[in-house]
Every structure is written in C-alpha cells, then in structure tokens.
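Novice: Listed below are the residues making up each chain.
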Amino acid sequence: METSLEAENKVLKKRISELEAQLAGHSDRPLVTSQKSHPPPNIVSKGEVKLSLEEYKRYGRQMILPEIGIEGQMSLKQSRVLIVGAGGLGCPAAAYLAGAGVGTLGIIDHDTVENSNLHRQIIHSTSRVGMMKVVSAVTYLRDLNPHPNYVPHIEPLTTENSLRIMAEYDLVLDCTDHPAIRYLINDVAVIMGVPIVSASALRTDGQLVVLNNPPGVGPCYRCIWPRPPPAESVVGCGEGGILGPVVGLMGVMQAIEAIKIITKNPVRDIGRTEMTLFAAYGASPFRSLKMRGRKEGCVSCGSPERAEKITRESIEDGRMDYVAFCGGRVGVQVLHEGERVSVAEYQEVVDSGVDHLLLDVRDETQFGICQLAGSLNIPYAEFEALKYEDSEAEEIKSKFRDQPKDRPVYVICRLGNDSQIVARQLKEAGVFPDDRVFDIKGGIVEWARSGVAGEFPEY
Amino acid sequence: MGEQQDPSPNGIYSKPVSLNIEFSGGLEMLFSNQRSHHIQMPAKGPSKQPVNIGFLVRHLCENLMKDKRKDLFVLEDRIRPGILVLINDADWELEGEEEYLIQDGDTILFVSTLHGG
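In order, the protein sequences belong to chains A and B.
Residue 123 in full-length UniProt numbering sits at position 123 of the first sequence; the count goes up by one each step and never skips.
Residue 58 in full-length UniProt numbering sits at position 58 of the second sequence; the count goes up by one each step and never skips.
Be a bit skeptical, because a hint or two may be false.
What the hints assert, rightly or not - Pulled a few chain B residues facing chain A out of the computed Cβ check, cut under 7 Å: (1) Arg35; (2) His38; (3) Pro42; (4) Leu64; (5) Lys68; (6) Asp77; (7) Pro81; (8) Gly82; (9) Asp89; (10) Leu94; (11) Gly96; (12) Glu98; (13) Leu101; (14) Gly116.
Quick caveat, the hints were computed from the structure, so don't treat them as lab data.
Using N, Cα and C, we set each Cβ at its ideal position, and we do this for glycine too.
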C-alpha cells in the first residue's frame with residue numbers, strides 16, 4: 001500500500017513538473033496528447049475576430065439565441081476574463097466560460113488538488129491529486145475547448161502582483177474563500193475599471209452579486225460591506241462544510257452573469273444591483289434582494305477627494321494590509337505548553353493503560369463519522385453556551401456528575417482549537433484537579449495524519 | 001404608509017404588529033436553527049414612539065434569540081459587520097436603516113455574508 005502510493009506520488013510529481021514546464025513554454029498549445037481531433041486555435045488579430053467553421057458548429061446552440069447571436073459570440077471571443085480561485089466556484093465557472101468560447105481565460109490559484117476537493121471542484125480529478133490546481137484546470141479546459149487562450153497564474157493574488165495581473169483582463173470572477181482577498185480583488189478591480197462577479201457559498205447556502213458594474217456606476221464590495229466581519233465569525237468550507245452542488249450552482253451562476261456582462265444583452269437597469277441568495281433547504285430556495293447603490297463616501301469607489309481613498313499607490317507600496325484589516329487568521333492559544341499533549345503522548349497514555357477520561361467536543365455529526373475508543377462526546381456548543389451564564393461552573397460540573405474526579409482528562413476536537421477552550425473552561429470550573437486536564441494538540445485530524453494508532457479516517 | 005389607529009389609552013401593548021423574521025447564511029443557527037419566525041411585537045415603544053428596526057433588533061436579542069452568543073448578531077449595540085438587513089427584500093440602507101418604522105406584515109431578513117468558495 002505504502003509503496004504503491006509512494007510510486008504514484010513520484011509519477012505525479014514528475015508529471016507536474018513536465019506540465020509546468022510545458023505551460024511556461026507555450027501556454028496556447030494543448031497540454032494533452034489528444035491534439036489530433038481539434039483544429040488549432042484561430043489567431044486573433046487586433047480588432048478583428050473570426051470564427052472558424054468548427055467554432056460556428058461548436059457555439060451554434062448558444063449563437064441561435066437572440067440574447068447571444070453572432071455579435072455576442074464575437075464579444076465572447078474578444079473578452080478576457082480572470083478567474084480568481086480554481087476551487088468550488090472557479091471550477092464550474094471556468095468550464096462554462098471556456099465552453100462558451102471566451103477568448104482569454106486567466107486562472108489564478110496557488111493551491112494543489114486534494115482529494116477532499118473533488119466532491120465539488122469538478123474540473124480536477126483523482127488522477128491529478130497533488131498537481132497545481134491551475135495546471136489541472138487548464139488540462140481539463142483545453143480538452144473541453146482548445147480555442148480559448150488559457151493563461152495560468154500559479155501564484156497567490158497579492159498587493160504586489162494584483163494590479164499587473166488584472167490589467168490584462170476586462171472582467172474578474174471572485175471565486176475566493178476569504179474576505180481579505182475579496183477586499184483586495186474589489187479595490188484593484190475598481191482602480192482598473194473592471195466589473196466583478198462575486199459569489200460565495202457555505203454549508204447549504206450561496207450568495208451572488210455583480211459589483212462595480214458598469215465600472216464607476218454600480219456599487220462595489222466596500223459600498224455594501226464597508227467593515228469586515230469579525231475574524232472569528234468567518235467560517236470556511238473546510239470548517240463549516242459545503243454541499244458540492246450548492247457551490248457548483250453559484251459558480252455556474254457566475255458564468256451566466258459573466259456572459260450577460262460580456263454580451264451586454266439584455267441591458268440591465270444601469271446601476272441597479274441585486275443580490276441572489278440561494279438556500280438549498282430553504283422554503284423558497286432562490287431569493288433576489290434589491291441592494292443599495294454606489295456610495296459617494298466609499299473609500300474604494302467613492303469621490304477621489306477623500307484622504308483615505310484607496311489608490312494604486314496605496315496598494316502597491318504595501319500600505320494596505322488586507323489580512324490585518326480582516327483581523328488576521330484566528331489560531332486559538334489559551335493553554336500553555338504544559339497543559340497540552342501531542343497525539344503521540346496521548347497514545348502512550350492509552351498504551352500504558354492509565355485510567356483516564358477522553359472528552360471529545362466535536363458536534364454529534366462529526367462524532368458520528370469516527371471516534372476514538374471509549375470517548376465521551378459533549379459538543380463544544382454546549383460549553384460555549386454556558387460561557388455567558390453566572391452558573392457556568394455549576395452547570396459544567398453537573399455534566400460530569402457521574403464521572404470519577406480522580407483521573408486525568410484529555411480533551412480532543414477536530415483541529416485542536418475548541419478543545420483548548422473547553423480544557424480552559426474545565427480548569428476554571430474546577431471540575432477536575434487543575435493539573436490533570438489536558439488538550440490534545442491538533443485534534444482528530446492530527447491523530448489521523450500522524451498514524452500513531454494505525455489507520456484512522458481523516459475527513 | 002399604513003395609517004396608525006388611535007393609540008389606546010392603556011399604553012404600549014395594545015396594538016401588536018405581526019412580522020416575518022427570517023435568517024440566512026448561518027444566522028439561523030443562533031435562532032433555534034429556524035430560518036423563518038412569525039412574531040408579534042408592540043407597535044409602540046415605551047415612550048409611545050412607533051417602533052423602528054433598532055427597537056426590533058433589541059427585541060429579537062431579548063426575546064427570540066436563545067443562543068447566548070449575542071456578539072455574533074449585535075456588536076456595540078449595532079448589527080455586527082458582515083450581516084445585511086433586508087426590509088421586504090430591499091437593502092435596509094434604501095429604507096433608512098435602523099430608523100425605518102416597522103409596518104404590520106413586514107418581512108425582515110438578516111443575512112450573514114458568506115466567504116467560502
């Protein structure tokens with residue numbers, strides 16, 4: 001098992017470097033070997049675009065729509081679209097825009113494909129796990145439609161490169177997963193005069209809004225969200241979970257909005273912005289909300305006289321710290337080193353047969369997926385709710401009424417954050433002797449990854 | 001807007017308004033995991049002023065929200081950043097934000113902005 005995985009890993013790594021080399025060399029040539037079935041892409045000369053006979057046929061089913069027509073198809077072929085993030089939103093958006101015949105499709109991402117992505121990131125594949133997402137995406141897209149010019153950007157979007165990169169595009173799709181980068185995309189797109197098709201998804205809900213459209217007329221991200229949410233309220237798909245087709249739907253809707261903007265048909269009410277909410281389990285799943293207009297006082301798209309106005313210079317010289325603006329990444333650190341044990345140290349406790357209590361504070365759904373032998377499950381939420389009660393200590397004590405108090409307690413969660421907080425609460429409530437309550441560093445995920453107890457599912 | 005009837009002499013609880021309160025984007029988890037709530041609320045505040053969204057938010061915190069994590073909904077007495085408020089599906093900014101006077105039958109939607117992708 002181990003050796004075959006290693007061998008596969010080796011082969012894939014070799015393949016990655018081959019592909020990356022190919023990409024760097026000539027980005028407009030198909031990566032895959034099945035070139036024979038497709039004619040070479042048309043050469044687009046400045047100001048004049050032509051469709052090949054193959055393209056007439058390929059795009060025929062959308063060209064016969066009055067909303068598209070030959071003019072719309074030509075607009076698509078002339079358009080240059082940047083997709084930021086080749087994940088759950090970016091994958092379907094990229095596939096539909098490539099299929100529709102967008103002329104230039106840039107994709108920026110610095111992650112590699114993981115198998116936990118594949119339930120939703122549909123243009124990656126099991127055979128491309130470990131490959132750069134951008135390379136994997138372009139591999140798929142070239143096979144889908146060899147005509148567009150695919151531009152791979154294997155790097156994170158940063159304050160240093162964003163102005164240079166976005167200068168090459170007419171439209172940007174925000175398919176990212178954190179507010180910090182959403183603010184960056186917004187500010188740069190406003191400066192560059194580029195509309196933004198923005199979407200997001202979490203659990204079973206999705207949101208979609210077109211911003212800065214037309215540029216300088218419609219509201220921008222900062223008009224609607226002038227202040228970032230508190231960092232602790234930001235939940236990602238890895239943490240909160242995501243239903244694949246929900247995020248897929250939002251990505252597909254981004255492609256629809258992009259096509260509408262590029263083909264300028266039908267003409268929208270200028271400056272009227274709507275936000276679409278999708279709730280898969282809601283009573284009425286789709287909902288359209290009428291949003292505010294552009295704000296004169298906006299620091300991004302508002303009046304240029306404002307002193308705090310965001311400019312090309314303030315981004316380029318690093319004055320804008322987007323991560324700090326959004327409160328940074330939250331990592332819990334409420335215990336000191338002596339109050340924590342590694343998964344290996346906990347395994348020794350198990351092996352030595354010391355009588356102890358293992359408290360698992362994951363929610364019931366996660367506990368149901370996998371759990372360590374003999375663990376007691378009391379979800380974190382129950383402890384959190386008690387934080388605001390005067391009777392916190394008493395209520396926590398009552399949860400452990402039936403437990404012996406003279407043995408050590410180990411607290412585990414999924415990643416090692418919640419478990420620290422609960423360990424701290426247990427200590428403060430004085431349920432067990434203070435020096436015998438420990439948190440297990442890195443949680444269930446670290447337990448699985450380290451393999452201290454053999455095979456254990458990581459989810 | 002809807003005409004107010006004569007205020008009754010005995011004070012504030014005489015004429016309740018019926019409202020649809022909805023939560024989306026994960027906020028429902030703070031409100032008993034229920035996306036839609038029908039509530040009744042007094043039409044006038046303690047000093048007989050018509051109630052506005054600011055009053056409604058305090059009312060929800062005190063009466064509808066069982067979850068103790070109030071700061072996930074309200075920060076420093078205002079709706080926390082990242083939550084959009086929609087009055088009958090229109091951005092509350094188009095309606096006067098916290099000053100909007102609640103009308104009988106209004107649907108007020110609170111949406112937590114999502115960031116995943």
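Novice: Enumerate the violated hints, using their earlier numbering and listing them in ascending order.
Specialist: 2, 3, 4, 6, 11, 12 and 13
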